[in-house]
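Colleague: These are the residues of each chain, in order.
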Amino acid sequence: MQFFKQLMALVRLNLSGITQRLGPVLTVVIGVTCAVGTLVSLLAMGSGAQRQAMANVRPDRVVITGVGAQRDMPLDAAVTIRNLPGIRKGVDGESIVTLESTVQLESRRRVTGTRINFPLVGVSSTVEQLLPELRLTDGRMFQRGLYEFIVSNPCVRQFTGFEIGARRPIRGNDWTIVGHFDIGAAQQCVAYTDVDTLNSAIGRTSYDRATLMLSSPSDFEALRAAALADPTLHVEVMHEREAVELWFKQLNALLNFVSYFVGSIMAIGATLGAVNSLYAMVDSRRRELATLKAIGFRPGAIVVSILCESVVLAIPGALLGCALGWALFNGLSASPFGFSFQLAVTPNLAIIGVVWALVMGVIGGLLPALRAARVPVTEALRAT
Amino acid sequence: MKYLPLVWFGIWRKPGRTVLIFLQVAVAFTLFGVLQGLKTGVDHAISDTRADLLLVFSRLSRGEPLPLATLNQIKTVPGVRVAIPVDLFGGTYQRPTQWVLMVAITPDKDWTSAFTFEIPPAYLAAFQTSRTAALATEEIATKYGWKVGDRIPLESTIANSDGSTVWTFHLVGLFHDSDIGGGTEKILIQYPYFDEARLTHKGTVNHLNVAVQDPRMAFAVADEIDRRFANSANETRTQSLRELAQLNMQSIGDLNFLIRAIVAAVLVALLFATASMMMQSLRERTPELAVLKTLGFTDRAVFLLILTEATAVCATAALFGLVLAMVAFPLASKFIPGLSMPPIVVGVGIALAALVGLVSAAVPAMGAARIQIAAALANR
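Protein sequence lines correspond, in order, to chains A and B. To convert, note that position 233 of the first sequence is 233 in the working numbering; the numbers rise steadily by one, no gaps. To convert, note that position 119 of the second sequence is 119 in the working numbering; the numbers rise steadily by one, no gaps.
Simulated from the structure, these hints should not be mistaken for lab results. Please note: incorrect hints may appear among the correct ones.
[Stated by the list, open to error] EDC-like cross-link-like pairs, simulated, lysine to aspartate or glutamate; straight-line CA separation at most 20 Å:
| # | chain 1 | residue 1 | chain 2 | residue 2 |
| --- | --- | --- | --- | --- |
| 1 | B | K14 | A | D230 |
| 2 | A | K89 | A | D283 |
| 3 | B | K202 | B | E243 |
| 4 | B | K202 | A | E106 |
| 5 | B | K14 | B | D299 |
| 6 | A | K249 | A | D230 |
| 7 | B | K2 | B | D299 |
| 8 | B | K14 | A | D72 |
| 9 | B | K39 | B | E224 |
[As the list claims (entries may be wrong)] Which bits of chain B does chain A cover? Going by a derived footprint, with three or more residues having C-beta under 8 Å, they are:
| # | segment |
| --- | --- |
| 10 | 226-233 |
| 11 | 272-281 |
[Unchecked claim] Here are a few chain B residues that face chain A, going by a calculated C-beta distance under 8 Å:
| # | residue |
| --- | --- |
| 12 | L4 |
| 13 | R13 |
| 14 | G16 |
| 15 | I21 |
| 16 | V27 |
| 17 | K39 |
| 18 | D43 |
| 19 | G63 |
| 20 | L68 |
| 21 | N72 |
| 22 | V266 |
We treat Cβ as the ideally placed atom computed from N, Cα and C, and that holds for glycine.
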């Protein structure tokens with residue numbers, strides 16, 4: 001009990017002196033701010049990309065891909081997949097299954113003129129029931145059998161040649177853009193056309209994957225078991241969330257590695273700065289600390305009080321860092337890996353930033369605190 | 001020069017503090033060195049890639065097959081020295097997660113000049129004698145413990161003439177791919193054998209590698225190839241290896257912006273840390289400085305003394321940090337190939353550090369220069 005009384009008194013004493021030590025205090029705060037700000041901003045790329053990818057994920061959508069190197073499925077797998085159990089039936093009584101076939105096409109950026117790839121995805125006619133978030137904003141839906149496709153609005157904003165009526169040659173035939181659409185909050189450039197028209201135009205004899213809608217999310221296991229038990233199907237069955245995560249795993253691993261690598265180095269720098277500032281503070285207060293010990297304050301209370309001060313200084317740094325990261329980078333559009341997304345500074349990242357700062361504060365305060373506790377009373381009081 | 005001992009003693013007045021500042025600056029410039037090394041490494045890697053090596057892909061999409069018949073048309077284009085068909089297919093070794101890329105090529109005369117592979121002559125000869133021969137990269141051979149002479153079964157989705165999806169190759173040698181973007185988990189096999197044995201997609205290739213006679217003509221040759229296939233069912237897109245490398249790097253994107261932002265944050269933090277330390281240090285040394293002035297040191301001399309101290313510590317610490325980064329490069333090259341640090345980065349780094357030292361010391365040094373002897377000594 002006495003320990004806490006002493007501790008509170010010491011902490012109050014320390015904090016009341018903060019305004020007189022503006023230089024060292026600013027060093028700690030700004031060092032932590034920069035370290036946390038950098039870490040949070042870098043992590044915001046990963047979380048932004050992930051948020052974007054997960055924006056339209058639904059628990060009742062399932063992705064089926066082939067197994068093995070090419071991950072494709074023969075055309076006759078379509079019928080088998082449509083007859084799997086647990087699939088929701090559309091208004092016409094047909095299973096809501098969309099078979100997809102994707103080719104990467106090339107376009108140019110509006111501003112810089114650099115080339116960028118975008119996917120042209122062939123889809124079945126059930127796509128409108130499968131993707132209720134798909135909403136035509138202009139023009140009309142593509143028709144089966146015609147060389148037509150629709151593109152998402154982000155394409156139109158970022159790249160050239162996506163106006164309605166624009167033509168694009170594919171394998172010697174002209175394809176026309178007939179509509180623009182939004183798909184939920186997604187910011188990706190994607191184009192849709194009819195899968196069989198696309199496959200026959202490019203001479204492809206397989207589908208890349210199938211996406212389907214479950215009657216209810218709980219039907220997943222039954223569907224999966226049936227698909228794996230069918231000897232004619234060689235497929236993998238995943239929740240839409242798993243499929244997206246699989247796709248993002250590598251990119252996220254890279255982004256996280258870079259973020260934590262740079263964040264750690266900056267944290268080491270900030271910690272060294274904090275150690276230095278607190279050492280200076282302890283040095284300049286040798287007399288005061290010795291006096292405190294002489295009148296009966298315990299070394300333990302002194303150690304903890306200095307740790308408290310260091311942590312208290314780290315927290316505004318962390319908050320400021322998060323705030324700066326949010327103000328400067330949140331919502332900023334970036335396309336560092338060939339596809340665009342908005343950086344997202346989320347509460348989760350802020351928590352990581354604060355924890356990061358607390359660790360810096362504790363490590364930075366430890367050595368100076370121990371030195372403070374070891375100040376020899378007689379020598380320090382005699383010191384000038 | 002005669003003030004050098006004075007500077008030296010100033011620096012080591014509080015060894016603990018100086019070591020911490022030194023470490024802090026060193027850490028900051030290690031980061032600077034690694035980031036800049038990454039950037040220049042990427043730039044160098046691009047300019048090192050071959051501009052005289054063209055890759056002919058389907059214009060529709062990189063993954064779309066081209067008919068083998070395009071080869072003869074490409075060979076007639078003036079300026080083409082060697083044209084080699086390439087097909088790619090993936091397989092797995094023993095476990096579904098152990099990926100191996102199979103690169104099927106036709107070992108025509110002088111074929112290696114159309115690739116970035118370095119193959120010892122003995123292995124090259126052995127590869128040409130057997131249809132089921134394969135060459136593996138050194139990296140993948142080490143990873144799976146393959147030795148020359150082994151038979152390697154690979155599972156793939158493409159069926160061969162036996163109806164089986166297992167392809168077995170005879171490893172006759174190892175090679176090294178000097179193109180850092182080329183990936184290491186791959187083996188070379190013979191296209192004629194592969195094409196004859198597979199059941200589907202016969203007579204198609206993924207792309208063609210073309211070596212041109214004169215690197216200066218590479219663009220003209222590329223345009224001519226694409227022109228010949230324009231408006232056909234198999235339109236092509238021909239790009240040099242260097243162009244492709246540039247495109248890949250562009251997709252990594254705003255690397256420069258990112259690096260600049262981080263470096264700026266590092267420097268700002270550093271500036272505050274060193275400035276506050278200098279102020280603290282000079283406050284403690286006020287009486288000593290007053291003594292110096294009593295002995296006849298001018299304001300200017302005291303000012304310069306302090307500046308020299310700060311700059312010397314920062315610059316040597318930066319040098320130490322940059323050396324540390326350079327030592328780390330060989331370790332990091334496993335993850336990021338091609339890291340390098342040209343002298344200019346070292347120069348810029350040290351200059352930046354000196355600047356940090358100067359700026360952070362300027363205000364405290366001015367204060368020190370303005371010390372009133374009587375007041376400072378009386379303070380004691």
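Colleague: Tell me the hint numbers this structure goes against, listed in increasing order.
Modeller: 1, 2, 3, 4, 5, 6, 8, 9, 12, 13, 17, 18, 20, 21
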